[in-house]
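2 protein chains.
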Amino acid sequence: MGTWLEGKAPAEKIKEEVRQEVAHYQKTKDAVPGLVAILVGDNRSSQIYVRTKEKACQALGLWSEILRLPAETPAGELKAEIEKRNAADHIDGILVQLPLPSGLNAHEVIFWIRPDKDVDGIHPTSLGLLLENQPGLRPCTPLGIIELVKSTGVKIEGSDVVIIGRSMIVGKPLAALITNENGTVTTCHSKTRNLAQVAARADILIAAMGKPAFVGPDFVKPGAIVIDVGTNSFSDRERIKELFGDDPKREKDLQDKGYTVVGDVDPRAIDKAGYLTPVPGGVGLLTIAMLMRNTLEAFKRRHGF
Amino acid sequence: MGTWLEGKAPAEKIKEEVRQEVAHYQKTKDAVPGLVAILVGDNRSSQIYVRTKEKACQALGLWSEILRLPAETPAGELKAEIEKRNAADHIDGILVQLPLPSGLNAHEVIFWIRPDKDVDGIHPTSLGLLLENQPGLRPCTPLGIIELVKSTGVKIEGSDVVIIGRSMIVGKPLAALITNENGTVTTCHSKTRNLAQVAARADILIAAMGKPAFVGPDFVKPGAIVIDVGTNSFSDRERIKELFGDDPKREKDLQDKGYTVVGDVDPRAIDKAGYLTPVPGGVGLLTIAMLMRNTLEAFKRRHGF
Numbered sequence: 001m002g003t004w005l006e007g008k009a010p011a012e013k014i015k016e017e018v019r020q021e022v023a024h025y026q027k028t029k030d031a032v033p034g035l036v037a038i039l040v041g042d043n044r045s046s047q048i049y050v051r052t053k054e055k056a057c058q059a060l061g062l063w064s065e066i067l068r069l070p071a072e073t074p075a076g077e078l079k080a081e082i083e084k085r086n087a088a089d090h091i092d093g094i095l096v097q098l099p100l101p102s103g104l105n106a107h108e109v110i111f112w113i114r115p116d117k118d119v120d121g122i123h124p125t126s127l128g129l130l131l132e133n134q135p136g137l138r139p140c141t142p143l144g145i146i147e148l149v150k151s152t153g154v155k156i157e158g159s160d161v162v163i164i165g166r167s168m169i170v171g172k173p174l175a176a177l178i179t180n181e182n183g184t185v186t187t188c189h190s191k192t193r194n195l196a197q198v199a200a201r202a203d204i205l206i207a208a209m210g211k212p213a214f215v216g217p218d219f220v221k222p223g224a225i226v227i228d229v230g231t232n233s234f235s236d237r238e239r240i241k242e243l244f245g246d247d248p249k250r251e252k253d254l255q256d257k258g259y260t261v262v263g264d265v266d267p268r269a270i271d272k273a274g275y276l277t278p279v280p281g282g283v284g285l286l287t288i289a290m291l292m293r294n295t296l297e298a299f300k301r302r303h304g305f
Numbered sequence: 001m002g003t004w005l006e007g008k009a010p011a012e013k014i015k016e017e018v019r020q021e022v023a024h025y026q027k028t029k030d031a032v033p034g035l036v037a038i039l040v041g042d043n044r045s046s047q048i049y050v051r052t053k054e055k056a057c058q059a060l061g062l063w064s065e066i067l068r069l070p071a072e073t074p075a076g077e078l079k080a081e082i083e084k085r086n087a088a089d090h091i092d093g094i095l096v097q098l099p100l101p102s103g104l105n106a107h108e109v110i111f112w113i114r115p116d117k118d119v120d121g122i123h124p125t126s127l128g129l130l131l132e133n134q135p136g137l138r139p140c141t142p143l144g145i146i147e148l149v150k151s152t153g154v155k156i157e158g159s160d161v162v163i164i165g166r167s168m169i170v171g172k173p174l175a176a177l178i179t180n181e182n183g184t185v186t187t188c189h190s191k192t193r194n195l196a197q198v199a200a201r202a203d204i205l206i207a208a209m210g211k212p213a214f215v216g217p218d219f220v221k222p223g224a225i226v227i228d229v230g231t232n233s234f235s236d237r238e239r240i241k242e243l244f245g246d247d248p249k250r251e252k253d254l255q256d257k258g259y260t261v262v263g264d265v266d267p268r269a270i271d272k273a274g275y276l277t278p279v280p281g282g283v284g285l286l287t288i289a290m291l292m293r294n295t296l297e298a299f300k301r302r303h304g305f
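Those sequence lines, one after another, are chains F and A.
For what it's worth, this note's numbering labels the leading residue of the first sequence as 1, then goes sequentially.
For what it's worth, this note's numbering labels the leading residue of the second sequence as 1, then goes sequentially.
In isolation and in its complexed conformation, chain F is listed as follows:
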């Protein structure tokens, strides 16, 4: 039986460090990091995410702004708004909340952000600097995963690491980060053969493909660190009972919202894993903390602090 690797303690630790450093710069330089979140359209999850980010800024002393634009905003207008903030000295971080409405191309939009203000770390230049292991802003969720793994005391260097999923936000940048940390990375995806067998070689297994409870105990090497990046809205009551047993919180979710949030890992894998991150309460908490740290980093670099 492994240990649940909760995100709360490491996330709080990072946020507290950011809070103290922000207070220090406010006192000594009369300046604080500034973050703008751009929300196009009214996707409900996106609204919640953006509010969560704003609250984190407020709690840690960062300046923040939410720019809300209608779903039908033309590309040229969005570009002009981004460019205004590229030029604004009080703004250190610019993030565009994804997904975008169907009329806008996310890749094109991200490209308009100045790489040194790209606190989500997903501008092509940021990704290239990551691949090269050169200084730059790194994507928040992969950074959070590295923090979580390190919090166990297990070394990444020399470890066999298997990543399932190759998204631009998690899988691909994480593979580069772990290679830079001297882990031996295998990136798996829908075309990988014998997936469970490949995964079961891993000292550190990261599930980030968006399939509820897909990674069962047979994917897990005994004692492995398993990081679950999935957040799937799931409403199959019978399967939920099979996965979680009689869990009053899950039951309440189903009654109140009609779904409960399930990761990519079958929670029963805890019996075989050394560590497993819960969903919710795992990686997600770190992502916000790393966004705050990235904004502070961008601020320090731009000002030469």
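Just so you know, these hints were derived from the structure itself, not from any lab.
Do not take every clue at face value.
Identical copies go unnamed one by one, so any copy, or any two together, can satisfy a pair.
[Unchecked claim] Keeping only pairs whose Cα atoms sit at most 30 Å apart, straight-line, the calculated DSS-like set for lysine-lysine is:
#1 Lys300 / Lys29
#2 Lys8 / Lys27
#3 Lys191 / Lys221
#4 Lys241 / Lys257
#5 Lys272 / Lys155
#6 Lys15 / Lys249
#7 Lys272 / Lys241
#8 Lys13 / Lys150
#9 Lys191 / Lys272
#10 Lys211 / Lys155
#11 Lys55 / Lys29
#12 Lys79 / Lys300
#13 Lys15 / Lys150
#14 Lys13 / Lys300
Following the hints, complete the assembly by docking chain A onto the known chain F.
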């Protein structure tokens, strides 16, 4: 006993395609792709490489220039020369021959090149676009490796691919390219444990770490495609005899130059491999062909052809 996978035929095929396309644009648009190679200092191998590239341009009908600068060229002056060519309409490709003299930082210098003229595909923005699987210029040697593998008729999709080495020029971009081609990639390096055992899982094994004849038959799964990216000057006569037997060409190399060029793979691995690329005569020939194709691609994209 496997087949030697020679680079000559696929390289010639690509160069012939480029030559024909260049002739077509010369005829229909009165324009040809232009490549400038910038050589700082007088590194002897670099001089040979740059001359080879120039000759390839001449043979295929591309415009070319070698800009030779003294080793002590200040960074600012090199930057000005690059920017002049960034702006020049007749130049589609700019490459800076590496390594640079000790006073210049390669990463910084590459950054000055316009990404859409970065025909070596090693600007951070090019690397980021590669990671994202978005259109852009890709590094030449990894492109050549993909061509060589495809020339065997073996599918990359679903294959287990092991890359030994994580350089910015080969290992890292190749891992991204193969992930984009739906292969399952493991990137290995000096910190990887049980390297031979990991390598022996590969359907496609790529050796790119710069250690002469390091990859022995024990690294090779029977029937695997083995791509040898190493080019090591090597002069241990006894070891050379062990590797190649009585080879008059190697013997002549040793007498004439004091060394012979050896790959990262022990040539006796041919007994176990399905295919093995020779050194010289393998990957290297493709690299130049892909540089020509990249220059043509850059020309077409910039002009909207």
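The hints, checked one at a time:
no.	hint	in the structure
1	Lys300 / Lys29	within (11 Å within a copy, 50 Å between copies)
2	Lys8 / Lys27	within (28 Å within a copy, 66 Å between copies)
3	Lys191 / Lys221	both (21 Å within a copy, 21 Å between copies)
4	Lys241 / Lys257	within (16 Å within a copy, 74 Å between copies)
5	Lys272 / Lys155	within (20 Å within a copy, 35 Å between copies)
6	Lys15 / Lys249	within (27 Å within a copy, 65 Å between copies)
7	Lys272 / Lys241	within (20 Å within a copy, 51 Å between copies)
8	Lys13 / Lys150	within (13 Å within a copy, 50 Å between copies)
9	Lys191 / Lys272	both (26 Å within a copy, 26 Å between copies)
10	Lys211 / Lys155	both (28 Å within a copy, 27 Å between copies)
11	Lys55 / Lys29	within (23 Å within a copy, 58 Å between copies)
12	Lys79 / Lys300	both (25 Å within a copy, 27 Å between copies)
13	Lys15 / Lys150	within (17 Å within a copy, 49 Å between copies)
14	Lys13 / Lys300	within (20 Å within a copy, 52 Å between copies)
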